Amino acid sequence: MAEQLDLEGRAAPPRRNGELVFAEPWESRVFGLTMALHEAGVFAWDEFRSRLIEAIRRADADGGSQPYWQSWRHAFESLLTAKGICADADLEARTHALAARPPGHDHH
Amino acid sequence: MSAGHDHDHDDEIALRVEALESLLLEKGLIDSAVVDEIIRHYEQDVGPMNGARVVARAWVDPAYKTRLLADGTAAVAELGYGGREGAHVRVVENQPGVHNVVVCSLCSCYPWALLGLPPTWYKSPAYRSRVVREPRAVLAEMGVTLPPSVEVRVWDSSAEVRYLVLPERPPDTERLSEGELAALVSRDAMIGVALPGRREASHG
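Protein sequence lines correspond, in order, to chains B and D. What the first sequence shows, in numbering that gives the first Met the number 0, is residues 0 to 107, in sequence order. What the second sequence shows, in numbering that gives the first Met the number 0, is residues 0 to 203, in sequence order.
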């Protein structure tokens with residue numbers, strides 16, 4: 000007999016038969032950024048989904064070894080570029096600036 | 000699981016995503032606390048127990064089951080579940096002679112509010128392409144061998160509709176409470192790649 004599952008209480012397991020949702024912190028971050036912008040009304044879900052489909056189609060054609068959250072990130076960046084929110088050059092420049100921080104920098 | 004992940008590569012991507020967040024912050028488009036809360040919500044609040052609760056309610060309450068099959072979105076909202084991404088929920092019922100299985104052949108659409116975020120295998124090219132072409136073979140590999148007399152229906156999710164399988168109530172469960180019934184309903188049973196009341200094989 001299966002044990003009674005506490006579905007409501009604080010002690011309830013987050014995902015009874017789930018698995019780790021995100022393997023790397025950046026995966027959860029890019030997911031959260033996407034959802035936050037969507038909830039702020041910046042884009043319609045289908046605008047993102049069509050790009051995700053395209054990114055996954057390309058990854059599949061490429062042998063399917065690209066991790067899922069990479070496809071997600073490509074789709075999100077493509078959406079931001081298309082919306083004029085974030086140009087690729089700006090993103091490159093900011094990434095380089097962050098990479099140039101001295102080691103042991105304060106994350107916040 | 001993360002085989003093939005290259006740590007330097009992940010570090011590079013992590014920087015790029017951090018850069019993305021800092022640019023969006025500067026433009027006033029996001030609030031990091033909101034992003035934190037969204038991640039926490041998907042990591043901790045939503046998961047298959049939501050869907051299991053819906054299934055158990057349908058098993059014990061025939062009127063609820065009728066409403067659930069007629070209008071899944073409205074019926075799951077009765078229990079407090081709704082999708083942030085605004086898709087409709089359609090519940091498909093397993094019956095003697097009919098087995099349902101769900102896929103998103105193009106990407107990864109999934110009833111998040113009821114099951115949480117999808118498992119890795121659901122997003123894999125192999126599952127997405129094969130379950131459409133040869134559902135019986137895929138189901139057998141995942142531990143569900145169906146006799147030829149059972150019709151298999153494959154439901155391809157889309158931006159508009161997210162499917163959830165209502166499994167058949169296992170026999171000899173008349174005396175179980177709703178909570179005990181919910182404990183028999185696995186995530187995989189609600190995708191249609193497992194039967195309820197059995198231990199899950201690991202499909203990682």
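To be clear, the hints were calculated from the coordinates, so they are not data collected in a lab. Being a predicted model, the structure only gives us computed values, none of them experimental. Treat the hints with care, as some may be off.
Unchecked claim - Only part of the chain D face toward chain B is listed, based on derived beta-carbon distances under 8 Å:
#1 13
#2 18
#3 29
#4 80
#5 89
Claimed, not checked - Calculated cross-link-like contacts (lysine to any residue; reagent style SDA-like; alpha-carbon spacing at most 20 Å):
#6 122/D - 87/B
#7 64/D - 135/D
#8 82/B - 22/B
#9 26/D - 76/B
#10 122/D - 23/B
#11 26/D - 49/B
#12 26/D - 92/B
#13 64/D - 160/D
#14 26/D - 42/B
#15 82/B - 41/B
#16 64/D - 178/D
#17 122/D - 56/B
#18 122/D - 22/B
#19 122/D - 42/D
#20 122/D - 174/D
#21 122/D - 155/D
#22 82/B - 26/D
#23 26/D - 39/B
#24 82/B - 15/D
#25 26/D - 87/B
#26 122/D - 69/B
#27 64/D - 44/D
#28 122/D - 111/D
#29 122/D - 49/B
#30 122/D - 92/B
#31 26/D - 56/B
#32 122/D - 38/B
#33 122/D - 63/B
#34 122/D - 41/B
#35 82/B - 24/D
#36 122/D - 44/B
#37 122/D - 57/B
#38 26/D - 65/B
#39 122/D - 45/B
#40 82/B - 46/B
From the three backbone atoms N, C-alpha and C, an ideal C-beta is built for every residue, glycine too.
Evaluation of the provided hints:
1. 13: Holds - the Cβ of residue 13/D comes within 8 Å of chain B, reaching about 4 Å at its closest.
2. 18: With a closest approach of 4 Å, the residue 18/D hint holds.
3. 29: Interface hint status for residue 29/D: holds (5 Å vs cutoff 8 Å).
4. 80: 12 Å, violated
5. 89: 17 Å, violated
6. 122/D - 87/B: 27 Å, violated
7. 64/D - 135/D: This hinted pair is violated, its Cα atoms lying about 27 Å apart.
8. 82/B - 22/B: Not satisfied, since the Cα-Cα distance of roughly 29 Å exceeds 20 Å.
9. 26/D - 76/B: Holds, because 15 Å separates the two Cα atoms, which is no more than 20 Å.
10. 122/D - 23/B: 17 Å, holds
11. 26/D - 49/B: 25 Å, violated
12. 26/D - 92/B: 16 Å, holds
13. 64/D - 160/D: Holds, at about 19 Å.
14. 26/D - 42/B: 15 Å, holds
15. 82/B - 41/B: 9 Å, holds
16. 64/D - 178/D: 16 Å, holds
17. 122/D - 56/B: At roughly 12 Å apart (the allowed maximum being 20 Å), residue 56/B and residue 122/D satisfy the hint.
18. 122/D - 22/B: The given pair, whose Cα atoms are some 14 Å apart, holds under the 20 Å limit.
19. 122/D - 42/D: Given that 20 Å is the threshold and the Cα spacing comes to 18 Å, the pair holds.
20. 122/D - 174/D: 37 Å, violated
21. 122/D - 155/D: This hinted pair holds, its Cα atoms lying about 13 Å apart.
22. 82/B - 26/D: Status holds; Cα separation ~13 Å.
23. 26/D - 39/B: 13 Å, holds
24. 82/B - 15/D: Holds, at roughly 19 Å.
25. 26/D - 87/B: 15 Å, holds
26. 122/D - 69/B: 12 Å, holds
27. 64/D - 44/D: 24 Å, violated
28. 122/D - 111/D: Distance ~14 Å between residue 122/D and residue 111/D Cα, so the pair holds.
29. 122/D - 49/B: 16 Å, holds
30. 122/D - 92/B: 32 Å, violated
31. 26/D - 56/B: 31 Å, violated
32. 122/D - 38/B: Status violated; Cα separation ~24 Å.
33. 122/D - 63/B: It holds: about 11 Å lies between the C-alpha atoms, which stays within 20 Å.
34. 122/D - 41/B: Cα-Cα ~26 Å, so violated.
35. 82/B - 24/D: Measuring from Cα to Cα gives roughly 16 Å; hence the hint holds.
36. 122/D - 44/B: 18 Å, holds
37. 122/D - 57/B: 14 Å, holds
38. 26/D - 65/B: Not satisfied, since the Cα-Cα distance of roughly 30 Å exceeds 20 Å.
39. 122/D - 45/B: 18 Å, holds
40. 82/B - 46/B: 10 Å, holds
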